[in-house]
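K.L.:
Residues per chain are reported as follows:
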Amino acid sequence: MTRPFDLKVSHRRDGDVVTVAPEGDIDLATADVLRDELDAARRGAHTLLLDLRGVGFMDSSGMRLLVEVELRAAQDGFTLFVVRGPEPVQRLLELTGLAERLELVDDPSDVVAGGGGA
Amino acid sequence: MAEAPRDPWWSGGQQAHPWAAPLGLAIVAALTAVDIRWGQQRVIIASVVMAPFVTALLGSLRQTAAVALVALAVCAASGAWNDNLGTGDWVARLFIVGAAGAFALTGARARVHLALDRRRFRLLNAVAGIAEGASTVDETVQRLSDLMVPTLADVCVIDVQRDEKLERLAVTATGPRARDIRAGLERRAAAAGHSREHAAAAMASGKPQLVQHATDDIVRAAAIDEADLRFLRTLGGRSTLVVPLRARGQSIGSMALIVTDISRRKYDADDLAFATLLGGRVALALDNAGLFSELESLEAQQSAALDTLAEAVTVQDPAGGLVYANEAAARSFGFPSAEALLGAGVAQLSEQWDAWLEDGSPLDPDALPARRVLRGEPAGPLLLRAVHRTTGEERWRLIKASAVLDRTGHPRLAVNVIEDVTEAKRAESAQRFLAEAGALLASSLDYEETLAQVARLAVPELADWCGVTLPDDRGLLRSVAVAHVDPDKVAFAREYNARYPESMQSESGSAQVIRNGRSQLYNEIPDELLEQSVPDPEQLAALRMLGMRAVMIVPMPTARGVIGTISFVSAESHRTFTPNELRLAEELGRRAGTAVENARLYTERSWIARTLQAGLLPDALPELPGFGIASLYRPAGEENVVGGDFYDAFDTPAGWMIVMGDVTGRGAQAAALTAQARHTLRSVGRLLGEPRRAVEELNASLIERAELSICTVAVVLLAPTGWGATATILCAGHPSPLRIRTGEVEPVGRPGPVVGAWDDAGWETETVDLLAGDILLLHTDGVTDAVGAGGRFGDARLAGAVAGATSAQDAVVRVRTAVEAFERGPQADDTALLAVHCTPVAGRTRAARRPLQSERWTAPAVPASVGLLRGAMTTFATDAGVEGEALADLRLAVSEALTNAVVHGYPDGAEGELGLHALVRPGRIEVTVEDDGIGLRPRSDSPGMGLGMPMIAALALESSVRRGASGGTVVRMAFPLVADRPALTGPRHEGGTGGAPR
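One line per chain: the protein sequences are F and X, in this order.
Count the first sequence with the numbering used here and you get residues 1 to 118, in order.
Count the second sequence with the numbering used here and you get residues 1001 to 1998, in order.
Derived by calculation from the structure, the hints in this document are not laboratory data.
It should be emphasised that the depicted structure is a prediction, and the values quoted were computed from it without experimental measurement.
The beta-carbon is built from N, C-alpha and C at its ideal position, and this holds for glycine as well.
Just to be clear, a hint being listed does not mean it is correct.
[Stated by the list, open to error] Pairwise CB distance ranges (calculated):
no., chain 1, residue 1, chain 2, residue 2, range
1, X, D1364, F, D14, 54 to 60 Å
2, X, W1857, F, Q75, 40 to 46 Å
3, F, D32, X, A1757, 30 to 36 Å
4, F, Q75, X, D1366, 41 to 47 Å
[To be verified] Cβ-to-Cβ under 8 Å is the rule here; a few derived chain F residues that face chain X:
no., residue
5, D76
6, T96
7, L98
[Claimed, not checked] Within a straight-line C-alpha distance of at most 25 Å, the following computed SDA-like cross-link-like pairs (lysine to any residue) qualify:
no., chain 1, residue 1, chain 2, residue 2
8, X, K1489, X, L1470
9, F, K8, X, P1860
10, X, K1266, X, L1470
11, F, K8, X, A1864
12, F, K8, X, T1875
13, F, K8, X, L1868
One chain only, chain X, in its complex shape (with noise of 0.2 Å):
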């Protein structure tokens, strides 16, 4: 903007040197001292003509104009001195001396006018400038104002037609009397509606008045009344001039200016000219302040309506920059204001502000709605996940951008309406993350890979790092599971996890957590706390590395109390751990608790099943001299609560008991009961002798229990004679023991009540022959009710299946391979099966002549050693008599043990020792395979797909498996010594190539 002019031109010395008229008087002066002393002589009088030049350089136009006719009056007043006066030399003087001072006066004007012109283009200039400015209309009205004075007027006042009314805008005065100027002209506004005014004669005619000198006459009727007219004569107003203002052909108001007695000039024609000039420009100055501050007011109207929104808007220019932005904007982003916010700008946006895209990619800043729209391009909504750097908080924000066009086309500004939907995102996410891991966890038994699979779906969306914790025997705190998405980052985990194993008597962490079921969540670590948890400093600086920023630790709580904890950890994202995010990790914490509980409780009942059941079996039948004896006892199912069916054989001092039983019912009570009924009727049969009193017995104690306790017995006495043995069979609702002889099957006892449902039962026994060569075969009704295509088995195939046996093994092998074939899909029950095969001395078996012989190996627990042992086992098998397919039974059953105990006790290469030990006994080999491992747990990489032990289960006559003292697997099996079964069709290869030793 150019300089305004601060000083006037015209009045007391327009541009005017203070000393110009002294110094000329001065001149003439001493050169009319210098002529009267030596005039006479010289001509000097005529120099002083200089006077009226030099002031005419330095003065106002009226002092050169004194000075001028001074030196003219000295001039012709030397004519006195000179004695020359009326001579034509003295003429001829004044003449020059007269010339020079119209000379010097017209040198004067043509400088003044200069000055003055090259001020009033300043002056334009200086509007011109204020035009441009955008500025309120008050601004600029004030700032046109403050212009005029004292530059071209004493007193200026600007007048604005606004809202239908013409408003007194600006008033500015100089002089000591401006403020009292300045407020009886606003008072005077405000009273006379400028009715009587030169303004509204200005305005109604669109033309400048003029009034030169304002007579008491011109002040008088311009009054409004008495007190009026005494303020105006006050104001002392000489010379008024009175422009409008224009703009696009409307008066848009006045301008008023007053020479007052502080200046004391007169307004001209010139000025009047000039004023028209001024005023036109001074309208458009505040015609373009009005635009704007429509276009203000329009935008002040907007941006109170955005102000008021919930969204956050902001808005950029083509550079990018910040040029608004609302409240919302600014509480989302973290600032105190929008003012601080547009302050920051946009570089510092994305300094404090990291930004991912949905699928955690970092985002790229061109990516941006805003920018692209601004490039011309369509641009979608964009979601975006924002975390502040040092709080750690995390943003979901929802941006669309739309472009504001200029009149060419070109996107002037981007508008970003920014929605927060941090909330409903993680909503949305914690619900997503909980039903994947809900489906995780339901999927699997396998709980440790499905807690890995937890901890992954968990990463990185709820953290950078996730873990699951359990403890393990030894009170050492196991990490089962980690994820990062970096696999060194889990590699590194791993190894500090296996590095420092944190114990379960730790004071802070998962161990506390685990201790009292509380999560703990630190949004904030400081380097004391790590240095007080972590007193080892390599472990420290292994710690440090990990770069925690927040850690959040929820037990895994059963019903059994806490079995764990998983633990989630911000890092490189620098995010914190809300409040929601917490309770989401706590119900995730919960539903893993329970699902591992699940699959525990599975996997330990199978194990107690198991157990048990061998507990309640008998460990192995004994021999019956005179007898050859087997059984079969199959759970319904491979993992299997316990079942009901029970069998025993024993000796009593009428001869041997063989029992076989079946409880209703499974599950603990099951087990409890078929203990009792087992236990009974052995303490019983064994004191007495005699089947009834021991039913009896076990009758009376099932009735004295609580509940209603029944079961089935079938109970035989097998009493040795010369020529075979008789059996006196008793059947308490239990299905009727099968006799069969050279082919032909027949049901043996006579069917009774079952015991335990009542007190006055009563039951008879039926005693029958066994021929050398007769088979007995007792069973439960699982085999006849076993479920095939075909209906139920029954008696009719039973029958079929064991009419060919040779032997009580090859009975009870015919039945097993006659109901697998037959039967499809989980069985509902047990099948329990007690053989016994009347074979009197002479034809007793061959492992009978054998010694008894035991042996023992070891091995390191590697896959090698397992075909190692496995070699050494036949070897040892085949020399005591085991053959054929029960030797390849024992010989598969031995290597799946073996396989069992290498994958699953010494997982991860870990070192130990396998154990084999074969034992001969009568009628049966039993083998121990056992190490010294963690123990039995479920593993996903099993080799064998978890077949091992049910398959062992399947080949052994008897199998237990169970925690050794050592921590290890203890596998027992049996397999009977005499394979006096025929062979399967097919080839027969002993050994292949190398195969079988021998």
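Okay, chain F solo, but in the shape it has when bound (with noise of 0.2 Å):
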């Protein structure tokens, strides 16, 4: 079993939409970790899915990496997407209101489906 501080990032690509999938807790040790499977799995992506369903915690530095990628999306033209996560890290972005500036959806296969052009 993975210690509640650790995280582990999957990713997959179905044609150019990428999906990055944390796993555990996103904090101030973890964040670099996402950061830089984001950058890594968002190279040539159309369309970068986030699937924070396996988050079961995060703070301000989960935050900031999500605000990153959001401007880095508007700056190099590749859409985000959220898959809304547990509770908690919903709060979160409830919370600082980035819920309003991130597209949330609920389930990853809509995006799939629709090739990322939604």
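Starting from the two chains in their separate frames, assemble the complex, guided by the hints.
P.N.:
The structure is reproduced here in structure tokens:
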């Protein structure tokens, strides 16, 4: 069993949709891991799907990362979708107003099926 | 130039050996003596023919003739002692000697003429040499005149037509009376105007005038008066040649050659012909000199004009050599005179001055405008920054060059106009620098990063190095910014600063500037100064490596003293700092000081605000038996000055008293008033248990204050009963409390006047019942005045939000959620909420049943510890009965606090420890996060974008931040123990994959 503060990141590519799914806690210790994974995964991707369903905890370190990715999407011209995470994660997004800025979806298959052209 | 012949070739012995005649005569005498002795036996006398030949080889024509005649006479006389007088033999001998004498004469004559021709040629050559040389007319005339004497004449006079007048430009004479002759002839010219002289005739006719033998008649005719006649007679002119000087078809003067008693020679037709030829050459030389002189006077005029110009002007030849420089150029380049600059030349200039282009790149000499125009390329103006290698003086120069073309169109000279734009450039860069620095300083409250940017701005424009130093809490000077164009050097400086931190007690440098507030400027840094201020040899060696040339340290002054310094160091550029630059640096220091102070005040103010606010609120709401209680305090805006809302809850002899108040105004005064209001109400309320007496007492104390101090309060006395409680409510200008009963919301209490305005104000209380399950909500107008898209939040929305509340905490959360959802943009007023839930003893909370418990954890201050400690906290909180959203809030807040401690407390990987403490109290769980780091300081690279503290404030029931005893930061947070609020929509994953334990 992974320790509470560990983070595993898996990614998958469906056409030009890249799904990045972190599992575990996102905090000061693990945000950099996710950042690196995201940077690597989104290269060449048309659509980036960040699946937060496996995230048990996220604090402002993770939030900053989300803001970065969101800004990068606008700048580099890729589309970012975020799959809603568990309530504590969602609450953070709500609390910080990030929920309004992000394209939040409940089911990743909507995006993948739509080829990212949502 | 050909060597001019210096001796005459005529007179007593023209090129004659002094012993030529005596030698010839001695030969004659010797042979005669031999002939007299032995002549009758042998033919000897005829050998006297040798004598004229020997003389002809060495002597003059005359000597040869004389010796030849003597030899002939001796030969004739020999007939007497040889007894053959008149015989054929004697005649034959006589004929031989006569013929040989004639031959000797011819030979001598040929020899003399050859020498004469050679000398004439050399003279012509010398004249031609003068003609080619570039000299002034006066010089040329004098040299020509000197050439004639004594070679061709005993006296030479040259008159030249200049400015419509004939001027006697040269008189050269030889012999013992030379000086008198010269003076006399010059005087004569001035008196006579040459009217009677042959010069006039020669010039008028254009033909040379020859006076072969100056008879007394001729002299008399030439004399102007008796005195002149006497002078002419003493002059003793025997023969005179006057040659007109003509050039380009115009008469330009005359040259008179006079033979006196010195050489006793006579000019003949041959001399006349040569003099004519010579005259042509002399005229040519004079004409050239005249032309040159015209050119020279033109140049002299131009040069005089250039000399007076303020702009530096230099002229370079195609090889780049300096051929002209004016005084301004000499001044600009640091030379005492133009001559000194010309003597130094271009090579020395480039040795003395380092030059850079405006962008800081070194100058390529081929790019200089002069070089370009000499290559025939177009060249625009070039702006250069030059720094003198030894004095360190800095000059900005604008160089323009134009070419002077020769007849074939090739560049012959390059004229540089060098404008010194140092002052303008400095003023411009000072303006720009200050403007940029000002913009930077105003752009951010993160002053350390801002100062770093300002330091970078100063490099390399103002200095090679720029550093900012601030004193820290430990009495050391901390370098917060170092800039240099070379990153390696920056790294070196950082290491140096880290290894040798300067103490505030230091007697020199930044410490001294901070203490006395006076700038320091060292344009010379002798090694002794370094040795004196740096005793440690290793440090001294490191400091020497910087190669400091000049240093300028300016204070960053603020209203509360000097808060730091900015240092400017010149090293490899060798430049020194001018008084103007010191002023610029001081101005920068002032602006930086103000900016840092503003940023610090702002940060500190928000710190103070939080701390003060925490002090104005109860540390923790007490446990009220029979009531659930919850509160919220939300300051307007993130970083805030102290707000005026307060609330309190305490027990009294008559029951529980809860207080909600709002002081008008903000800031320190409001804070003081808030403190006074809260504590007056508390002390009076506690003693008497009567809301009205408490408010009246407060009213009296506020009226005593000098300035108008008013506040609004709602005071409620809760008296438990068997079935619930009664609430005695007093409203002094405050929004009425709301009673929530089974979904119905009702304002309770009677409105009364504000406190502190009128000494005769009276208040009426209203007593209402609170049944089990009823909630009483006290709020400030910050709630109803919250501004959103649809106007104010208002009473209706408040009632709607709170209607379904099931607990005190729920009521607070509902209102907060509703207000936050409603409001847009920064809010003007603080928001405070206090809710009590009437829960008769049977319905006591779960937490109340649990024993008090606490736990403490420590971990190294590293990022991985954040998750570890969060996990431990989660376990503890879950055990204590925290769940659902409250648990999520707690975990998030704790994580933020831990992250802050790691990031801000221990920047740059400093080692340290994190402390986490949890304490379960009735109805709440209190968490303390502590570090022993350097304290909370603004940091630009904060991973949470500075949201940590505001998030904690928003998540926790209460939170506070303070400086711990060890200098670190202590964050205290309280969370409700019962999560009795329904979850938000959305899937609920408790923990995910290993997210939260259990």
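K.L.:
Each hint: holds or not?
P.N.:
We went through each hint and held it up to the structure:
no.	hint	verdict
1	X:D1364 / F:D14: 54 to 60 Å	holds (58 Å)
2	X:W1857 / F:Q75: 40 to 46 Å	holds (42 Å)
3	F:D32 / X:A1757: 30 to 36 Å	violated (58 Å)
4	F:Q75 / X:D1366: 41 to 47 Å	holds (44 Å)
5	D76	violated (20 Å)
6	T96	holds (7 Å)
7	L98	violated (10 Å)
8	X:K1489 / X:L1470	holds (21 Å)
9	F:K8 / X:P1860	holds (23 Å)
10	X:K1266 / X:L1470	violated (103 Å)
11	F:K8 / X:A1864	holds (15 Å)
12	F:K8 / X:T1875	holds (22 Å)
13	F:K8 / X:L1868	holds (16 Å)
Taken one by one, the earlier hints fail for this structure at numbers 3, 5, 7 and 10, listed in ascending order.
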